[in-house]
Amino acid sequence: MMNFERVAWWIFWITFAVLIAVMFYGFTLIIFKATPSEIAFVLGLVSFFILGNRLLFGYGWIANILDSILGMEDLEQKRPVIEKKVQEKKITSEEEIKKLSVSALILLLLKDLSYYQYAFYGIYLLLVIFTLAFNFNLFGDLLIGRYIKGIFWGASVVVFFVWGLSQLSHVLYSEFLEKIKIKGGAAV
Amino acid sequence: MNKITIFFITSLIAIFLGWGIGSYITYNNTIEQVGKIPASPIITLAQYDKKNHAVLLSILNSGTIPLTVISKSFVFKPGKDSKQKSYEMANIPANIVLPPLAVTIVALDLKKGSNPLEAGDIVMSTIHYTHSLSKDVYTVSHKFEYTGKEKESK
Numbered sequence: 001m002m003n004f005e006r007v008a009w010w011i012f013w014i015t016f017a018v019l020i021a022v023m024f025y026g027f028t029l030i031i032f033k034a035t036p037s038e039i040a041f042v043l044g045l046v047s048f049f050i051l052g053n054r055l056l057f058g059y060g061w062i063a064n065i066l067d068s069i070l071g072m073e074d075l076e077q078k079r080p081v082i083e084k085k086v087q088e089k090k091i092t093s094e095e096e097i098k099k100l101s102v103s104a105l106i107l108l109l110l111k112d113l114s115y116y117q118y119a120f121y122g123i124y125l126l127l128v129i130f131t132l133a134f135n136f137n138l139f140g141d142l143l144i145g146r147y148i149k150g151i152f153w154g155a156s157v158v159v160f161f162v163w164g165l166s167q168l169s170h171v172l173y174s175e176f177l178e179k180i181k182i183k184g185g186a187a188v
Numbered sequence: 189m190n191k192i193t194i195f196f197i198t199s200l201i202a203i204f205l206g207w208g209i210g211s212y213i214t215y216n217n218t219i220e221q222v223g224k225i226p227a228s229p230i231i232t233l234a235q236y237d238k239k240n241h242a243v244l245l246s247i248l249n250s251g252t253i254p255l256t257v258i259s260k261s262f263v264f265k266p267g268k269d270s271k272q273k274s275y276e277m278a279n280i281p282a283n284i285v286l287p288p289l290a291v292t293i294v295a296l297d298l299k300k301g302s303n304p305l306e307a308g309d310i311v312m313s314t315i316h317y318t319h320s321l322s323k324d325v326y327t328v329s330h331k332f333e334y335t336g337k338e339k340e341s342k
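Protein sequences, first through last, are from chains X and E. Heads up, the first sequence is in the working numbering, so the first residue is 1 and it goes up one at a time. Heads up, the second sequence is in the working numbering, so the first residue is 189 and it goes up one at a time.
What the hints contain is simulated information worked out from the structure, not anything from laboratory work. You may find that some hints are simply not true.
What the hints assert, rightly or not - BS3-like mimics (lysine-lysine), calculated; alpha carbons at most 25 angstroms apart, straight line:
| hint | chain 1 | residue 1 | chain 2 | residue 2 |
| --- | --- | --- | --- | --- |
| 1 | E | Lys191 | X | Lys179 |
| 2 | X | Lys181 | E | Lys191 |
| 3 | X | Lys99 | X | Lys181 |
| 4 | E | Lys191 | X | Lys183 |
| 5 | X | Lys78 | X | Lys183 |
| 6 | X | Lys33 | E | Lys224 |
To be verified - Non-contacting residues of chain E with respect to chain X, defined by C-beta distances greater than 10 angstroms in every case (computed):
| hint | residue |
| --- | --- |
| 7 | Lys239 |
| 8 | Pro288 |
| 9 | Pro304 |
| 10 | Asp324 |
| 11 | Glu333 |
From the three backbone atoms N, C-alpha and C, an ideal C-beta is built for every residue, glycine too.
Chain X with its partners taken away, still in its complex shape (with noise of 0.2 angstroms):
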């Protein structure tokens, strides 16, 4: 039995190994082919990924919880969870959070985040405006606007991403909202 185990497990290993290295063959080669088009929207990708990190994850973080306890019967059933995301972002005291509602809660998360989604839209605004001045040529005709519009497609996939979690969390939201006024909780 302990040897069959340790074979399984070298078998294992072996397959990892080589799927590993075919992926990082298929990687190098998808590199060395790929345009300098290609790798500037690789890049706005990337950049804008690693800015609207928080967020990305953040909205994601909201709506999923929300999803999770509108389907359920007990409201307060998240509550510890939720209690201690309040306190990693070090918004108010641990006295506070014990006294504030759920919802309360989870609109001081949604509030802590506009901030930095009014710094991100505002760089890609920036970022639209200069592929706008490239576009219509007030600079010239620079090869760089080529590279700066595949920046700007690469931003837009991760803009899009923080709209859509954002206006899904804000939309989940209400819902929480009304499902608290049809159950008439004041607690909660």
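On the provided structure of chain X, position chain E as indicated by the hints.
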């Protein structure tokens, strides 16, 4: 807004986003592929420069690869009014680079001492050029008939 509205709006935006990204990458790849193909030069204008006794050819290189003119040759066929009574031929070696996407003026010097062109004279000029992608020599021929209307150039 409810969830269904968001679903539709995000789907629409996603379609346009994919369209934009796809067309951007395809456009740039196409430009890169087309840029590697050398174009044939186009003679857009031919003028007779009376002062220097030369035919000026405006040559447009419509491609993105520079072309090199290695020689110019012409055949002169006299018209009715011409005092030059025979065919004249000449081949002049040259080394003129035609920059991409630009018009270059190439002067075709006629033989010194020969009579100036009269109306009806024909100069059949041939430009021999090469490019960096092959060792072959390509030609462009242009028939220039002097109408007598003079266009002075510098």
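Against the structure, the hints come out as follows:
A threshold of 25 angstroms between alpha carbons decides the hint, and for Lys191(E) with Lys179(X) the separation of about 15 angstroms falls inside it, so the pair holds. Distance restraint check for Lys181(X) and Lys191(E): the Cα-Cα separation of roughly 19 angstroms lies within the 25 angstroms cut-off, and the hinted pair is therefore satisfied. Distance hint between Lys99(X) and Lys181(X) is fulfilled; the C-alpha atoms sit about 20 angstroms from each other, no more than 25 angstroms. Between Lys191(E) and Lys183(X) the CA atoms are separated by roughly 21 angstroms; this keeps the pair inside 25 angstroms, and the hint holds.
Of the pairs offered as hints, the one joining Lys78(X) and Lys183(X) holds, with about 17 angstroms between alpha carbons and a cut-off of 25 angstroms not exceeded. At roughly 17 angstroms between alpha-carbon atoms, Lys33(X) and Lys224(E) fall within 25 angstroms of each other, so this suggested pair holds. Listed as outside the interface, Lys239(E) is consistent with that label: its C-beta sits roughly 37 angstroms from the nearest C-beta of chain X, beyond the 10 angstroms cut-off. A cut-off of 10 angstroms between C-beta atoms confirms that Pro288(E) is not in contact with chain X; the least separation is 13 angstroms.
Against the 10 angstroms criterion, Pro304(E) stays outside the reach of chain X, whose nearest CB is about 43 angstroms from its own CB. The claim that Asp324(E) is not at the interface with chain X holds, since no C-beta of that chain comes within 10 angstroms of its own (minimum 29 angstroms). The claim that Glu333(E) lies off the interface holds: its Cβ sits roughly 38 angstroms from the closest Cβ of chain X, which is beyond the 10 angstroms cut-off.
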